[in-house]
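Visitor: Modelling step: build the complete structure from the supplied sequences, incorporating the hints.
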Amino acid sequence: MAFHNSRSTLGVLFTTLVLFGVLVAVCIPSCTAQANFTTSDYENIQVALNLEYLEAEYFLWAVYGYGLDKLAPYLPEGGPEPIGVQKANLDNLTNDIVAQLGLQEIGHLTILQKELGSYYFPRVQLDLSDANWAKIIDNAFGEKLNPPFNPYNNSLNYLISAYTIPYVGLTGYVGTIPLLQGEGAKALVAGLLGVEGGQDAVIRTLLYTVKDELVPPYKYTVAEFTDKISSLRNNLSHAFVDEGLEVPKSEGADGLVTGNILSGNNYSISYARTGQQVLETVYGTGNASIPGGFYPKGGNGTIALGYLKS
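Counted the way mature numbering (1 follows the signal peptide of the UniProt record, and there is no 0) counts, the sequence shown spans residues -33 to -1, 1 to 277.
Since the hints were derived computationally from the structure, they do not count as laboratory data. Careful, some of the hints might be misleading.
To be verified - Here are the computed distance ranges between Cβ atoms for each label pair:
| id | residue 1 | residue 2 | range |
| --- | --- | --- | --- |
| 1 | 106 | 207 | 14 to 20 Å |
| 2 | 180 | 45 | 40 to 46 Å |
| 3 | 44 | 207 | 36 to 42 Å |
| 4 | 77 | 186 | 40 to 46 Å |
| 5 | 44 | 165 | 26 to 32 Å |
For glycine and all other residues, C-beta sits at the position ideal for the given N, C-alpha and C.
Guide: This is the structure:
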């Protein structure tokens, strides 16, 4: 009887091990994929893809006079060419830095194309015309600047315009990471966030060195331009998630300085934007259901399209 029970137990154990082996064989591919990216991970990262296209085209065109269609034609996947984008009149240092930023964006899009797979979408319609930039800056100041602000005229104007872009991506990535489930997705977004934060820091630092200078031919200083742009983005995001190059001392690092070379909360932690807030901001409408701004036809991806259909 003892022998029989032992043999029965061994039989059960053997069957269990066989079933476990089958489950492991079946689960390894799917479980690994799930551990890397979930469906919601892909959808959340798609929001950022809209901004990566914007950054790539704006930086590359400013330096080379052409963008992805010539430098990395496999990335736009047939999406429409940007409206009104052009080469900027940049000094040697700014040209060198912006070239690096643009080429970094090619890397970002390349890894996104690889990792997102079928969730990667073609380049969306972008409006980077000087007329659109003038409208954005006018909205920031609440008045029509005369002459209209043109980012392509010189290095200072271009850097002020560039100030408006990577920071939104930075805060978007900060807001996305807590939503991610897969380890691969977290690693990807953390890596993108690192460089996005660096890009914003470089632009802010260059502007900080001339923060007290007037922006010709206007009566406003560089710091005032950044403050107006940040205030506009706060209004569009319906939250305080943005700061210019100068702040009240109580809002500076440890409440001791007015200089604000990096934007952060009272603990010097990066602010976060939700996907909805990112869209509200880059559309320039304050409403993720109403396209505009840099995206005259709206963004792409599950989340962006969901708002546009609502």
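Visitor: Starting from the hint list further up, note which numbers the structure goes against and sort them upward.
Guide: The structure breaks none of the hints.
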